[in-house]
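Student: Construct the entire structure; sequences and hints are all you get.
Now for the letters of each chain:
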Amino acid sequence: MAPPQVMKSAARSALDVFFEYDTPRIVHIRSKKVGLFNRFLQLSILAYIIGYAIVYKKGYQEFENVQSAVTTKVKGIAFSNGSIPGIGTRTWDVADYVIPPQENDAFFVMTNVVVTPGQTQTGCAEDPGVTGAICQTNADCEQVKGTILPSGSGPVTGECVPSDVPGSKEKVCQIFGWCPLENDKMQGDSPVLENAKNFTVFIKNNIEFPRFGVRQTKPSKQRKRHVLKKCQYDGASSRDKFCPIFRLETITEGAGVAFENISKEGGVMQIVIDWTCNLDYSVEDCVPEYTFRRLDKGDYSVSRGFNFRFADRYSVFNESTGLQLYRNLYKAYGVRFLVTVQGKAGKFSIVPLLLNIGSGMALLGVATIICDIMVLYVLKAKNFYRDKKYLDVKGQDAFEVLEEEAGPGEQMSEGSTNSVSRRNLTASDGGAAP
Amino acid sequence: MAPPQVMKSAARSALDVFFEYDTPRIVHIRSKKVGLFNRFLQLSILAYIIGYAIVYKKGYQEFENVQSAVTTKVKGIAFSNGSIPGIGTRTWDVADYVIPPQENDAFFVMTNVVVTPGQTQTGCAEDPGVTGAICQTNADCEQVKGTILPSGSGPVTGECVPSDVPGSKEKVCQIFGWCPLENDKMQGDSPVLENAKNFTVFIKNNIEFPRFGVRQTKPSKQRKRHVLKKCQYDGASSRDKFCPIFRLETITEGAGVAFENISKEGGVMQIVIDWTCNLDYSVEDCVPEYTFRRLDKGDYSVSRGFNFRFADRYSVFNESTGLQLYRNLYKAYGVRFLVTVQGKAGKFSIVPLLLNIGSGMALLGVATIICDIMVLYVLKAKNFYRDKKYLDVKGQDAFEVLEEEAGPGEQMSEGSTNSVSRRNLTASDGGAAP
Amino acid sequence: MAPPQVMKSAARSALDVFFEYDTPRIVHIRSKKVGLFNRFLQLSILAYIIGYAIVYKKGYQEFENVQSAVTTKVKGIAFSNGSIPGIGTRTWDVADYVIPPQENDAFFVMTNVVVTPGQTQTGCAEDPGVTGAICQTNADCEQVKGTILPSGSGPVTGECVPSDVPGSKEKVCQIFGWCPLENDKMQGDSPVLENAKNFTVFIKNNIEFPRFGVRQTKPSKQRKRHVLKKCQYDGASSRDKFCPIFRLETITEGAGVAFENISKEGGVMQIVIDWTCNLDYSVEDCVPEYTFRRLDKGDYSVSRGFNFRFADRYSVFNESTGLQLYRNLYKAYGVRFLVTVQGKAGKFSIVPLLLNIGSGMALLGVATIICDIMVLYVLKAKNFYRDKKYLDVKGQDAFEVLEEEAGPGEQMSEGSTNSVSRRNLTASDGGAAP
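Protein chains in written order, with UniProt numbering: chain A, 1 to 434; chain B, 1 to 434; chain C, 1 to 434.
Please keep in mind that the hints were generated in silico from the structure rather than gathered at the bench.
Here are the computed lysine-lysine pairs in the DSS-like style, where the Cα-Cα straight-line distance is at most 30 Å:
| no. | chain 1 | residue 1 | chain 2 | residue 2 |
| --- | --- | --- | --- | --- |
| 1 | C | Lys-145 | B | Lys-75 |
| 2 | A | Lys-145 | C | Lys-264 |
| 3 | B | Lys-331 | A | Lys-73 |
| 4 | C | Lys-264 | B | Lys-230 |
| 5 | C | Lys-394 | B | Lys-32 |
| 6 | A | Lys-264 | C | Lys-230 |
| 7 | A | Lys-32 | A | Lys-380 |
| 8 | C | Lys-58 | A | Lys-58 |
| 9 | B | Lys-145 | A | Lys-264 |
| 10 | A | Lys-75 | B | Lys-185 |
| 11 | C | Lys-331 | A | Lys-331 |
| 12 | A | Lys-331 | C | Lys-230 |
| 13 | C | Lys-73 | A | Lys-185 |
| 14 | B | Lys-185 | B | Lys-331 |
| 15 | C | Lys-344 | C | Lys-58 |
| 16 | B | Lys-331 | C | Lys-331 |
As the structure is a computational prediction, the values presented were derived from the model and not from experiment.
Tutor: Shown next as structure tokens:
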């Protein structure tokens, strides 16, 4: 039988290939148990594909992440009365309390401050709390002359001088550095800029989805110029929930933090602006959603709060020393606001839809695999089904261990009149079975 | 027939499993209509896999996103003549117009400024434009003493004083704060730092693809040290399109914005540096591509432009008051440049290639599913094909509704001499069909 | 035979569909060669799925990227002796050398500085090195009056004055600008803030995985408040490798850079904090891993190092000119540290596990495809196997080229008593084969 078949293979023209179609042969089992189980699995998978991957996860859309630029402008005036040492009676405006004046995706509002005014480079007594600073005579200090004590404020000059801490009778080594030393103790119970909670910040957030050609969308039709200038964000009311002007206290309260709890020691807040847009609907509906979180919580009690030091430097002409450099040192406590813009826009596209349908169809094969396990290994009638599903073919190099058990002609499950049985189809070199 | 089969199953050694191979039985249909449709589908899927997923999307490569560090250095000198109040004749250099002196992935160049020099903390007349500021007698102001009027500049002292707005005859409440009040009106038509368009910025962009061991690549071989120091970016010429030194006007024009349109009121520009590299080619070809966009466009007319306030603080010794704190307040308009580095490098790897081929093969099954639907449900000869494709097996618990219609022995499609027909194969508990 | 079958199809109730199950018919080939190859392929794919996709890539977990906020606090004192011109003997603290006082995910520590003190806006001689600055008479300068020479420091006033470079006898044009001109030559071999290597930085990194409800975890149980305040990062010792307080020299050495190599000219370092957490274990084990890299390496010799200019502005009252604006110009060299927080947390979830198992099962089909190629096209017995695998069916519109070669009744591979042979099953409109 071989020669004509070989010839046929040889003669099969390239054209022939285009008019063929291969499809698996199927055992169609009618069984309540298996059928129900099979359909249940298939429906679960279909529900996952259609319900979850396509509808819920919007598998019919292509997506683009938001491109964003944030600029912020804080407004507000605070007044501190004269009880705070080193500051005196003072009105604070935005150029005083926003430090540095601008940042990328962030802004800092000073709410409390400890000032050490009029420091200059000279000699003064070291803090008695510094290890090794206390001395009896100059000789004690000469030993460490020129070194900076751990946590000290400058190199030791070698002189032993009375401490200038009020009421202290100790003598300490003199250091050379910014004198008088910084006093970083907060005075009073309330923060210096108590009114900071009423400051407002206008967060200009220009976004773009370049692939879809969508730029910053008007939050809604009513949001006209004059409205925008006057509005104020209010999470509760639907009218003002898109307004990009925020009272600082509204932000902290949106994160469940009373402003009083954060203003004295400072803290870090995150403002999340989420632009999740479905551009299959009107771009009018592409609006931001604002959420607020406090970020400096955590288990380190040592890492609560937020502060840093900065200085104003200035020079003053003294008759005796000429031009002398001075500085006012500020230990600034306050709230650091980080603005995070996230989100993506989706729009219908045929490519992801086809891909999801395709991979979903492949997933349907898993139902068949699971049912096969049930049918071929679990059910009582497994041997019957196995007989129907499998055509046993023995290659020329079949494993011979069980050969003696499988005699020829035995068990003709797919019944036939020739010797090709379920168990003993045998290939011979280059030809079909005998 | 059951006992020997059971025995065989039992005796099937673990080794036997390694010498078996299961492959689906296939109906090979020769039909022009179905065959052409099938091949068309398969070719479409193959074209997608090979053309799109593997070649176009580089499915044979593994990718790594760029790691980048950006530092910027602006150079240039601008001169403003004496016509600008509060500034006078002045030459501006980089330490004057870049504020803050450095930022992360961004820099700001001041192009216009309104200065209120010599402010100090004292009392002065409130702006008559502030609601509630206008008064007739001290009594009017006493009522709001200590409060800060909305949009006011400080707490009301309680005195009613003549307004210091030139030509105004109104009386207004006195406030305590930074006096004189800020004058934030721009004077003149041209920006103060008109020459800002000729400033240059050197954007040092050190990138790395750690997985591939590629660091900042020379843009091209000619780009020697002396060339780099002198070159200037020019989008048009191929020689200088990789030069990292940019004239500010070239940047804005690259975004289609005339520098004159952005320099007076300020704005936000994005500089996108794209490092999309195919490391299967020479790393010499791994070069950046620069694009520019204006980010502060949009529908909010209120959010055009960019400005912020900052102050220089200094102390002056007065005979009468001792050391007095002063500040020069600047309202700085200018262009904020955001530098965004993106891109990824790809290099050949066998793992993603195999994965793409594998998932592509799985996708080919979809062609069969679609053709099956055509063959089994659409074509006129559907019953003939269904007969060939399916072997109908009736489990012991088959659904009995149609039982009477399917008599035994009927319709022996896969012709056989025993009673196993297409329609009445019946499983009995634990054994094969009789 | 057609009518009853059509009737049956018509009568198939919707309910019937739920009690069916389709499974492919399989050729079960027993062959050492093919079987071994098949099992080898399957095991490779299984090893990939289980070993790589599920176990190694944690395919049984759902993941969330880390949300992070970084704040930094640098501590340390440096002393520079009087040999540096323009600075004099000076002690430097954090308010002096961290510029700006805070940044987002970054901080800069000045290690070296060149100061030009006491600049004010007036006229002075241009740098003789500037092209076109050298003159013989005022007439030379009158020609370029009002223009800023390339790389010059201000507009030319029109006067020709002696150069103020020591030892120079040339005459140069006078310019109007910040005078005296900046001297940006470094003096001395060692950086001004030599002690900067001993500064420490506390990197407060508050992280969160909101989906899993995990906030900043204690690095370990021993990491108590008092320990944290005193610890110092040490990559080697397991006790202190989670400590978030770093000596600057430890950071540069962690990147393989001697601090001396980076402190004079400056540089850019990256601190990578990796929070890769497996939340199936205790959150106690969710600890950061620190790595350090130098970013300003590369091929541009011109882009080594890091420096920028900033100024302190102050006003001084002169009897003659009134209040005069001065500034101290600093060219600050130093190390810019960029803090990058990355990582993700994984936790067991049934959805990704099922998805991975599903797609893995689909991938197993690839083994069958490859073996089929071997069996049907490579092996000598390919025609025998092809005969077993395929049932040839000729549709009514079959391609007729080879028709004459396939006579009816020939080659009854699946042996049967009727005319349905492997080669001449023919579909007729709406019915089965004759």
